[in-house]
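A.B. asks: What follows is each chain in one-letter form.
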Amino acid sequence: MTGIRHAAGLAAGLAIAGLALGPAAAQTLTMGVGAPVTSIDPHYHQLSPNTAVAGMIFSALTATDGRARIVPDLAESWRPISDTVWEFKLRQGVTFHNGSPFTAEDVAFTFERVPKVPNSPSSYAIYTRPITRVEIVDSHTLHLHTAVPYPLMPTDLASVMILDRETHATATTEGFNAGPMAIGTGPFRMVSHRNGDRIEFERNSTYFGTQPAWARVNYRMITNDAARTAALLAGDVDVIDQVPTSDLAKLRGDQRLTLAETTGLRLIFLGLDHMREDASPFVTDNEGKPIARNPLKDVRVRRALSMAIDRGAITERVMEGAAIPAGQFLPEGSFGYVPGLNPPRPDPEAARKLLAEAGYPQGFRITLHGPNDRYPNDARIIQAIGQMWTRAGIRTAVEAQPWTTFVGRAARQELSAFLIGWGTSSGEASNPLRNLTATFDREKGYGASNRGRYSNPEADRILEQAMRELDDARREALLQQATRVVFEDVGIVPMHIQRNAWAMRRGFAMEARADELTRAQDVRPAAAR
Amino acid sequence: MSTTIAAAPPVPKVETPLQRFVSEFVASRIALFGLVVFLAIVAIAVLAPWIAPQNPYDLAQLDIMDGRMEPGTVGGAGFTYWLGTDDQGRDMLSGIMYGLRISLMVGAGSAIIACLVGASLGMLAAYAGGRTDSLIMRLVDLQLSFPAILAALMILAFLGKGILNVVFALVIVEWAYYARTVRGSALVERRREYIEAAQCLALPTRRIIFRHLLPNCLPPLIVVGTMQVARAIALEATLSFLGLGVPITEPSLGLLISNGYEYMLSGKYWISFYPGIALLVTIVSINLVGDQLRDVLNPRLKK
Numbered sequence: 001m002t003g004i005r006h007a008a009g010l011a012a013g014l015a016i017a018g019l020a021l022g023p024a025a026a027q028t029l030t031m032g033v034g035a036p037v038t039s040i041d042p043h044y045h046q047l048s049p050n051t052a053v054a055g056m057i058f059s060a061l062t063a064t065d066g067r068a069r070i071v072p073d074l075a076e077s078w079r080p081i082s083d084t085v086w087e088f089k090l091r092q093g094v095t096f097h098n099g100s101p102f103t104a105e106d107v108a109f110t111f112e113r114v115p116k117v118p119n120s121p122s123s124y125a126i127y128t129r130p131i132t133r134v135e136i137v138d139s140h141t142l143h144l145h146t147a148v149p150y151p152l153m154p155t156d157l158a159s160v161m162i163l164d165r166e167t168h169a170t171a172t173t174e175g176f177n178a179g180p181m182a183i184g185t186g187p188f189r190m191v192s193h194r195n196g197d198r199i200e201f202e203r204n205s206t207y208f209g210t211q212p213a214w215a216r217v218n219y220r221m222i223t224n225d226a227a228r229t230a231a232l233l234a235g236d237v238d239v240i241d242q243v244p245t246s247d248l249a250k251l252r253g254d255q256r257l258t259l260a261e262t263t264g265l266r267l268i269f270l271g272l273d274h275m276r277e278d279a280s281p282f283v284t285d286n287e288g289k290p291i292a293r294n295p296l297k298d299v300r301v302r303r304a305l306s307m308a309i310d311r312g313a314i315t316e317r318v319m320e321g322a323a324i325p326a327g328q329f330l331p332e333g334s335f336g337y338v339p340g341l342n343p344p345r346p347d348p349e350a351a352r353k354l355l356a357e358a359g360y361p362q363g364f365r366i367t368l369h370g371p372n373d374r375y376p377n378d379a380r381i382i383q384a385i386g387q388m389w390t391r392a393g394i395r396t397a398v399e400a401q402p403w404t405t406f407v408g409r410a411a412r413q414e415l416s417a418f419l420i421g422w423g424t425s426s427g428e429a430s431n432p433l434r435n436l437t438a439t440f441d442r443e444k445g446y447g448a449s450n451r452g453r454y455s456n457p458e459a460d461r462i463l464e465q466a467m468r469e470l471d472d473a474r475r476e477a478l479l480q481q482a483t484r485v486v487f488e489d490v491g492i493v494p495m496h497i498q499r500n501a502w503a504m505r506r507g508f509a510m511e512a513r514a515d516e517l518t519r520a521q522d523v524r525p526a527a528a529r
Numbered sequence: 001m002s003t004t005i006a007a008a009p010p011v012p013k014v015e016t017p018l019q020r021f022v023s024e025f026v027a028s029r030i031a032l033f034g035l036v037v038f039l040a041i042v043a044i045a046v047l048a049p050w051i052a053p054q055n056p057y058d059l060a061q062l063d064i065m066d067g068r069m070e071p072g073t074v075g076g077a078g079f080t081y082w083l084g085t086d087d088q089g090r091d092m093l094s095g096i097m098y099g100l101r102i103s104l105m106v107g108a109g110s111a112i113i114a115c116l117v118g119a120s121l122g123m124l125a126a127y128a129g130g131r132t133d134s135l136i137m138r139l140v141d142l143q144l145s146f147p148a149i150l151a152a153l154m155i156l157a158f159l160g161k162g163i164l165n166v167v168f169a170l171v172i173v174e175w176a177y178y179a180r181t182v183r184g185s186a187l188v189e190r191r192r193e194y195i196e197a198a199q200c201l202a203l204p205t206r207r208i209i210f211r212h213l214l215p216n217c218l219p220p221l222i223v224v225g226t227m228q229v230a231r232a233i234a235l236e237a238t239l240s241f242l243g244l245g246v247p248i249t250e251p252s253l254g255l256l257i258s259n260g261y262e263y264m265l266s267g268k269y270w271i272s273f274y275p276g277i278a279l280l281v282t283i284v285s286i287n288l289v290g291d292q293l294r295d296v297l298n299p300r301l302k303k
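Protein chains in written order, with full-length UniProt numbering: chain A, 1 to 529; chain B, 1 to 303.
These are calculated hints, taken from the structure and not from any lab test.
This one's a predicted model, so the numbers in the text were calculated from it and none came from an experiment.
One thing to keep in mind: the hints can contain errors.
Heads up, incomplete: computed chain A residues facing chain B, CB under 8 Å, no partners named [stated by the list, open to error]:
hint: 1; residue: Ala313
hint: 2; residue: Asn372
hint: 3; residue: Ala379
hint: 4; residue: Arg380
hint: 5; residue: Thr390
hint: 6; residue: Ala400
Each pair of labels, with its calculated beta carbon distance range [what the hints assert, rightly or not]:
hint: 7; chain 1: A; residue 1: Arg293; chain 2: B; residue 2: Val74; range: 43 to 49 Å
hint: 8; chain 1: A; residue 1: Lys289; chain 2: B; residue 2: Gln19; range: 56 to 62 Å
hint: 9; chain 1: B; residue 1: Met65; chain 2: A; residue 2: Arg484; range: 29 to 35 Å
hint: 10; chain 1: A; residue 1: Asp197; chain 2: B; residue 2: Leu164; range: 39 to 45 Å
hint: 11; chain 1: B; residue 1: Glu70; chain 2: A; residue 2: Gly507; range: 33 to 39 Å
hint: 12; chain 1: B; residue 1: Gly130; chain 2: A; residue 2: Asp197; range: 23 to 29 Å
hint: 13; chain 1: B; residue 1: Pro147; chain 2: A; residue 2: Gly196; range: 23 to 29 Å
hint: 14; chain 1: A; residue 1: Gly408; chain 2: B; residue 2: Pro147; range: 26 to 32 Å
Covered, in the sense of this in silico footprint (three residues per stretch, anywhere, with C-beta under 8 Å from a C-beta of chain B), are these stretches of chain A [unchecked claim]:
hint: 15; segment: 239-248
hint: 16; segment: 314-328
Note that the Cβ used here is the ideal one computed from N, Cα and C, for glycine as well.
With the sequences and hints as input, model every part of the structure.
C.D. replies: Below, the structure written as structure tokens:
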């Protein structure tokens, strides 16, 4: 229904045009964000918009910088003191917005609360579950005990915002949303919150980190793409996120605006049916009859599918440059990135040959599914892939559905080939290896989003080893090895990694974050020139 | 449109009703023009597979590298994209020709089915009267009080995409107009002497309804039918525009317009513009024909 929203947005944009304020209205920052915040409770619902707002009000023991690397926050340092114990040294002299001091007690309290938040649609408990015991050594030193070596502790704890035992002992999610409980150690205090509409903040002058540049922040949710762009052009907001790819070229050429862009951490890829040995539901021969064995189980077929795709054409023509072709989970520079593991060169002829070798000289038919409202240009991308596969001899039908319908079918293994995305919030390779390509195992929580049910014992074994390796260099080498195994076997077909873009009025500057978070502390007045 | 009187020859020449109908219809130049345009559109739609430069529904014939080309560009396949291409490299001219097929098919198909359903129910209500009448007419009221687009959206959200589902949804939202029209005229006709005569002859009810009552209720039905075809075409375009109509690889006019909408601000007007014009011309031509039909067939507008 983007059409209607576009039209409405256009109208709204025209109506508010002419209200432009000069950049001199300093001290106050107005932001227009594309995704609504669903809760202020930092332990309620794992969702990027919520994480962004939580990062303005609260702090965690660790944090991630713009490139998703772990940096100190409420903890000043940490180290493993044995295979199963992590020691965290906490920052001294930090107070909550209400003056209550921050101590190790508060961390212990937070870890107790996280798994107990009622009705959480996507719980934060996975981050605290590995901790078997919290040992308070002194008021600012903690020992966290785990059952097995757990190298990801500092990474995981960046997601757990610390609350105050005195203030939040009986805090409910409603209490946070209404305002009184929205008390943290972050750079901003929440002043008011209108659910799904706007949140107002003021500067926390006692913040322990760098003081934010803005005394007040008006955080507006403008979910309609065209309305958001129009609001920026009209000067109604200073910064917008999720710049639509079709507007990028126009905004780049606008003298009144600046853009902040960076390669993100969201991989768009194709999942394939690895579960069935026999007929796959959406694969048929050229007469439309089911094929008795699933061709997607043959690595030559999977390679042909990957090779038939011209990723450059898609990133350039469909994504209009707002993505880079991908050959693995993460962009260059990330922890676990494999140098030289690039996407295959597009070659429809070689793809045909591989198909013939695999026993399909005439190709076959397949239906490629995908969402039409989830990722930028999702429905366009699957059509383009349909063209490329069809030219390589695999007659492809394309079906785009609303996300909720689509993802249900993918999760029930009803599809043969489908386009989907994965945002690696932690910025390191163990996360996609565990979630997307590890053998599905409900007990261990592995393969939770492995919707094609890919399974490779070798990759599993190396990953298992990496997950117990506390030495960073050795762990990275293992993760690289596992990544290579998965992609040489074409467990998933990587498409591209999206670029994140923010647009702002001239006079503002912003640190573009790989994890897509839009936070007021990352915006500063641009240096005078 | 009292011009019909001036144009109708006052000579007391004996004309068959059909001749009179034709001469009255062509008396309006603009209606004639509408009819010619409409027939041309039908011809284009029917002949599309033979005259379109490309089969826009065959993914192998599209090339993403030809995407969003300006009208008049020569593409990779060697022919000129006279109306440009959309984001998938689909020739807009071919896309419009094939899109017209879908629009007309859906429009005519749904109008015919809705007419059959609606007319039968309307006739039944008028003839049976009493409780049956109340029941059917309350259903009609219920249907008419519901915004058509909303009802169609709900039906399609439930049934899923597909041309047949669109036709079904349109039938559901449109039958009520036919039912109400037929019932109205049937109620009037029922009290006429010839029906009474037929009843006195103890003719079977079915015969009275189909041979006597129905033919006399036809003129208003034809008028409503024409208007509803245009309405169905517009509604299909709206549904496709909203992404609930046809599959994305087989775009109708509405989906073509929707595909181009995001590029309007970037100056790539042709993706939405030309299908929009095609849709406009189709609907206007049908409405012109419908208007004239109404004038010609409505005895009250004649002196």
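A.B. asks: Against this structure, judge whether each hint is valid.
C.D. replies: Going down the list of hints, with the structure as the test:
no.: 1; hint: Ala313; result: holds, 5 Å
no.: 2; hint: Asn372; result: holds, 6 Å
no.: 3; hint: Ala379; result: holds, 6 Å
no.: 4; hint: Arg380; result: holds, 6 Å
no.: 5; hint: Thr390; result: holds, 4 Å
no.: 6; hint: Ala400; result: holds, 5 Å
no.: 7; hint: Arg293/A with Val74/B: 43 to 49 Å; result: holds, 45 Å
no.: 8; hint: Lys289/A with Gln19/B: 56 to 62 Å; result: holds, 57 Å
no.: 9; hint: Met65/B with Arg484/A: 29 to 35 Å; result: holds, 31 Å
no.: 10; hint: Asp197/A with Leu164/B: 39 to 45 Å; result: holds, 41 Å
no.: 11; hint: Glu70/B with Gly507/A: 33 to 39 Å; result: holds, 36 Å
no.: 12; hint: Gly130/B with Asp197/A: 23 to 29 Å; result: violated, 54 Å
no.: 13; hint: Pro147/B with Gly196/A: 23 to 29 Å; result: holds, 25 Å
no.: 14; hint: Gly408/A with Pro147/B: 26 to 32 Å; result: holds, 29 Å
no.: 15; hint: 239-248; result: holds (count 3)
no.: 16; hint: 314-328; result: holds (count 3)
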